[in-house]
Each structure stands twice: as structure tokens, then as C-alpha cells.
Amino acid sequence: MIPSPDHLLVLPVAIPLLTGALLLIFARWPLVVRRAISGVAAVLLALIAIQLLMMSGDDAVRVYLLGDWAAPFGILLVLDRLSALMLVLTALLALFALAYAVQEADSDGHNFHALFQFQLLGLNGAFLTGDLFNLFVFFEILLLASYGLLLHGGGAERTRAGLHYVVLNLIGSSFFLIAAGLLYSVTGTLNMADLAVQMRALPAEDLPIAAAGGLLLLAVFGLKAALLPLHFWLPHAYGAAAAPVAALFAIMTKVGAYAIVRVFTLVFGVEAGPLAGLADPWLLPVALASIALGTIGVLASDDLRRMTAYLVIASVGTLLAGIGLMTEAGLSGALYYLVHTTLVTGGLFLLADLVANGRRVGARITPRERPAGAGVLSVLFLLGAMAMIGMPPLSGLIGKLLILLAALPEPAVQWVWTVILISSAMLLIGLSRAGITLFWRGPPSPQAAPSALRLLPAAALIGSSPLLVIFGGPLTDLAAATAGQVLNPDRYVEAVLGAATVRETVGGAP
Amino acid sequence: MEALVAFAIGLLVACGVYLMLRARTFPVIIGLVLFSYATNLFLFAAGRLKTDEPPLIYATQSYTDPLPQALVLTAIVIGFAMTAFVVVLALRARGELGSDRVDGGEREEER
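Protein sequences appear in the order of chains A and Z.
1 is the number of the first residue of the first sequence in this note's numbering; add one for each residue after it.
1 is the number of the first residue of the second sequence in this note's numbering; add one for each residue after it.
If you're looking for bench data, these hints aren't it; they were derived computationally from the structure.
Treat the hints with caution; some may be incorrect.
Claimed, not checked - Derived DEER-like restraints, expressed as beta-carbon distance ranges:
no., chain 1, residue 1, chain 2, residue 2, range
1, Z, L4, A, D59, 26 to 32 Å
2, A, P30, Z, I30, 41 to 47 Å
3, Z, G98, A, P411, 36 to 42 Å
4, A, V502, Z, I30, 44 to 50 Å
5, Z, M1, A, D477, 54 to 60 Å
6, Z, F7, A, E494, 42 to 48 Å
7, A, P30, Z, Y18, 26 to 32 Å
8, A, Q103, Z, L4, 46 to 52 Å
C-beta: ideal position from N, C-alpha, C; glycine also.
Based on the sequences and whatever the hints tell you, model everything.
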């Protein structure tokens with residue numbers, strides 16, 4: 001018989017696909033019905049993701065052969081600890097973003113929920129796929145959905161940001177294809193596990209081509225992750241997007257980070273022969289520069305949303321600094337930090353919207369008006385800011401500390417420590433100034449205070465930070481186990497290339 | 001034939017990049033299209049250039065690699081959808097921002 005639990009692997013891709021298609025057909029149905037469909041799908045997705053995370057806890061790498069074609073010839077989904085973790089994170093963030101969206105933002109257009117589901121389809125697919133070209137396809141799906149979501153609600157500001165975002169990502173997609181072509185031309189495969197095997201035995205004359213392909217991939221993923229020279233699109237796009245969309249986009253930069261981890265540990269990992277560690281000279285300097293730039297951006301922002309967008313750049317920099325160390329300790333610290341930063345920045349985007357709705361001057365950081373309901377909002381802002389800066393006792397501290405400790409034995413330790421610590425101090429200044437200006441000065445606004453229901457998603461996302469500290473032990477264990485599995489690509493390769501098709505398992509049955 | 005294909009790809013990239021660096025949306029879109037054509041040709045060439053060979057492994061002793069052709073087909077479809085989207089977006093930007101400059105710049109034109 002077919003081992004049944006493995007079919008769970010395809011559900012994170014199938015559920016959003018079918019739900020999105022359904023919502024597209026019935027786009028004119030009453031909003032309540034569409035909200036219900038989308039909500040049920042999101043809850044279902046979260047449950048499945050949690051189940052997959054528990055399944056992945058036994059350290060096995062699970063493979064789902066689509067169409068029962070044996071690897072490396074068919075396309076396939078692969079579930080290991082890292083992809084399961086990313087799936088859970090996406091599903092949780094999506095749940096809260098949706099909980100915020102259904103209160104107002106989704107009524108601006110008919111297709112918000114369909115696009116939202118397609119966005120989830122692209123994200124989940126990118127985390128699960130084991131094929132480089134499939135990764136490209138899922139990137140395109142999530143980008144196309146994000147183009148629509150970014151423009152959701154309309155307005156000149158969004159159109160302008162959207163145009164830049166779309167053009168830049170189209171160029172990025174072309175480079176992804178060129179990179180895939182380069183790698184295919186020397187290895188004859190696009191299956192990532194098979195690429196890893198081929199890379200070990202590459203003839204010397206093909207090495208420059210493969211290296212060019214790998215570095216092009218780094219540039220493409222760097223564009224998605226908004227690393228330093230490729231970050232220009234992010235502040236505008238995230239600052240202009242509707243709040244629940246911006247909150248969901250908090251995971252989008254992490255897709256780039258995920259792809260960097262996946263490709264540069266598996267294909268160009270420790271055992272890749274002459275090309276091992278291809279990205280190492282680039283990753284750390286670029287990451288540290290991104291932290292510096294994000295911090296300067298936070299100090300210079302005059303708008304709370306724009307400031308949160310720069311916080312995303314700084315946090316992606318910190319994340320990739322941990323990854324760039326390419327050690328188990330660095331990677332596991334980075335994974336803890338990834339969970340923390342995704343949830344908290346998502347919450348801060350929602351909070352920025354609540355502040356903007358409670359003031360007649362929007363999210364601009366001016367002392368002209370205090371937002372309605374400033375009491376609750378300021379407490380949430382304080383928590384979020386402390387978490388992002390990395391002040392005790394919240395989760396940012398643990399994440400940054402893990403990365404700093406991991407850097408200790410490395411030659412680049414002084415750079416990592418200097419940049420991260422100075423950046424934290426600068427963030428403290430920038431965020432305190434914003435908080436004081438927004439919440440303590442100016443007359444109270446006559447706008448209505450946000451209802452408890454609207455506060456809930458933002459409070460839950462920001463409130464995840466203390467929870468991440470309380471459950472810090474199990475979570476760091478999970479991160480360490482994940483990092484250990486990712487840095488031993490042999491298991492992944494064996495699982496993928498040794499995966500038996502159903503036909504073989506059943507024994508020639510039709 | 002290799003030289004010819006390489007020259008064609010290079011020419012397309014050069015024109016595409018030049019147009020992408022222009023300040024107005026229409027040339028930028030044309031540049032994107034040219035660049036994606038070049039990418040598709042390049043991807044096609046990644047399977048080695050052969051003429052008069054079937055893309056089937058068992059057909060003859062010699063065959064041409066079918067996978068890049070499938071990849072190019074996918075890339076063309078996706079590129080087509082993206083181009084349609086960006087054209088609509090550019091039209092909308094022209095309407096909403098009152099200018100077809102990519103930075104959505106001022107309505108007044110410098111002479």
C-alpha cells in the first residue's frame with residue numbers, strides 16, 4: 001500500500017491552490033463567504049504545517065514524487081526540518097495577517113483572498129520544492145501574487161512602488177533563468193540533490209561556469225532578501241502596501257534567505273569539492289553592510305511604516321550574518337532569529353497601520369497628534385521595539401546573542417560584534433525617538449480608538465516575542481537540530497535520490 | 001552556428017539593458033522583453049546546439065536535449081504573463097501619476 005502520511009507533503013501546495021482557484025471563480029460571492037473560505041483554508045494550512053513539523057522531528061528527510069517519476073527525472077517535494085519550520089512560520093503569519101485583513105482591508109477589491117491564497121501557494125511551494133527550476137516557478141507564483149497584493153487598495157503611492165518592484169523582480173527572474181541555464185549546461189540536471197552530487201565531480205574546465213551560475217543565484221536570492229546593493233525596492237514597496245499585505249511580506253525576504261541556505265549548503269556546501277563555500281566571501285560583508293544601511297534608514301525615516309521596512313532590512317542583514325558564518329552555531333542562531341524577526345516585524349506593520357488609522361496625519365512621525373488609544377498602542381510599540389533592538393528580556397536579545405556567540409571563534413568576529421552592537425544602539429535611539437514623538441507628544445487625536453478585535457492580531461504577533469523567550473529552550477534545540485540537518489547534505493541527497501516510486505513499492509501494480 | 005547564436009544573444013542583451021536604463025516606462029518594458037528573449041535563447045543553448053535531431057532519447061543514436069526546450073516553454077509562458085501585467089501596470093501608472101516616467105516624476109517635462 002501507499003504509505004499514507006506522505007500525502008500530507010503535497011497539501012501545503014494543494015490547499016492554497018484549490019482555495020485560490022475557488023475564490024477566483026466565485027469572486028462575486030458575498031464577502032462573508034469568501035472570508036470564511038479563506039479563513040478555513042488558512043487554519044487548515046496551519047494545522048497541517050504543525051503536523052509536518054512534528055513529522056520532521058524524527059530527523060528523516062521525506063520525499064514526495066509528483067506524478068511518481070523517480071528523482072532526478074521528475075519534480076518532487078522534499079520535507080526536512082528547515083522546510084517544515086518555514087511552513088509553520090508562514091502559516092502562523094498568514095493566519096494573523098488574514099485575521100487583520102478581514103476586519104477592513106479585504107473589502108477594497110474582489111480578489112484579495114484569492115491573491116492571498118496564491119501568495120501562500122508560492123511561499124509553501126518554494127519551501128518544499130527540491131528542484132531548482134521548480135523553485136523559479138514558485139518564485140514567479142509568489143511574485144505575481146505579491147504584485148497584485150501590493151497594488152491592493154490602489155493609490156498613486158502604491159502604483160509607483162509597484163512599478164519599481166515589478167520591473168526589478170522581472171530582471172531578477174531573467175537572471176534566475178540564466179543561472180539555471182548555466183548550471184544545467186555543465187551538470188545536466190536541475191534537481192538540487194543531483195546537482196549536489198554532480199558538483200562534486202565537475203571537470204575543471206566547467207568550474208568557472210558553475211561558479212558563475214552559483215553567484216548569479218546568490219544575486220537573485222539577494223534581491224529577494226533585499227541585501228545591500230539590491231534593497232532599493234523594499235522600503236517603498238513595504239511602506240506603501242496595505243498593512244496585512246506588508247505583514248505577510250515579512251516572510252518574503254525570508255524566502256530569499258531560505259533559498260540562500262538551501263542552495264549554498266546543499267549544492268555549494270562543504271562537500272561540493274572545489275566550489276565549496278562559493279558564497280562565503282560575499283555573504284558576511286554584504287550582510288553586515290545591510291545591517292548598517294537598515295539602521296541608518298531607521299534613523300532617517302519620517303514615517304512609521306517606512307521605518308518598519310528599514311527594520312526588515314536590518315534584520316535580514318542580521319539573519320544573513322548568522323547564515324554567512326556557515327557554522328552550525330551560526331545557522332541555528334540565525335534560525336531562531338528568523339522566527340523572531342518574521343513574527344515581530346509582521347506585528348509592527350499591523351501596529352503601524354493601527355497608529356496611522358488613529359491619527360489624521362497617518363503614520364508620519366510628527367508630534368502633531370497622539371494616536372487614539374495611545375495607551376495600548378504605546379505598550380505594544382514598546383514591546384515590539386525592545387524585541388527588534390534586542391533588549392532583554394525579549395527574543396531579539398536571544399537571537400542576536402546566539403549569532404554573536406557563534407561569531408566568537410570566527411576570524412570576522414570583530415566586524416560582526418561591532419556592526420551588530422552599534423546597530424542595536426542606533427536602533428534604540430531611532431525607535432525611542434519615534435515612540436516618544438508618536439505617543440507622548442501632541443494633543444490626543446479625535447479619531448476613534450481601535451477595537452480590541454483589531455488590536456488582537458498585532459498584539460498576538462508582537463506578544464510572540466515573550467513566548468519565544470519562555471519556550472526558548474525547546475526552540476533553540478529545534479533550531480540547532482535543524483541547522484545540524486541542513487549542514488549534513490548527504491542525508492538530503494540520499495533521501496531524494498534513493499526515493500522509491502509508488503510503482504516500485506507496490507510492485508508493478510497498475 | 002554557435003557564434004551566430006552567441007552574437008544574437010549578446011545583441012539582444014545589449015539592446016535590452018540599454019532600453020531598461022531609459023527613463024520612461026515604454027522603453028523599459030521593451031527592454032525587459034528583449035532581455036527575456038535573450039534569456040530564453042540562452043536557456044535553449046544550455047542544452048547544446050544541434051540541428052535535425054529529434055528530442056527523443058531512443059529515437060536515434062544522436063538526439064537533442066528535450067529538457068531546455070521544456071524549460072524555455074515554461075519561461076516563455078511566465079514571461080508573457082509578466083509582460084502583460086507590467087504593461088497594464090505601466091498604463092495605470094501613466095493614468096494615476098500623470099507621467100510615464102519610471103520614477104513617477106513631475107508632470108512638467110524638461111525641454
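We went through each hint and held it up to the structure:
Distance hint check for L4 of chain Z and D59 of chain A: the Cβ-Cβ separation is about 53 Å, which falls outside the suggested range of 26 to 32 Å. As the Cβ distance of P30 of chain A to I30 of chain Z is approximately 43 Å, the hint placing it in 41 to 47 Å holds. Look at G98 of chain Z against P411 of chain A: about 54 Å separates their beta carbons, and that is not inside 36 to 42 Å. For V502 of chain A paired with I30 of chain Z, a C-beta distance near 48 Å keeps the hint of 44 to 50 Å intact.
Between M1 of chain Z and D477 of chain A the CB atoms are about 58 Å apart, so this pair conforms to the stated range of 54 to 60 Å. The given range of 42 to 48 Å is respected by F7 of chain Z and E494 of chain A, whose C-beta atoms sit roughly 44 Å from each other. The hinted window of 26 to 32 Å between P30 of chain A and Y18 of chain Z is violated, with their beta carbons roughly 51 Å apart. Here the CB-CB span from Q103 of chain A to L4 of chain Z is close to 60 Å, at odds with the stated 46 to 52 Å.
When the structure is compared with the earlier hints, violations turn up for hints 1, 3, 7, 8 and for no others.
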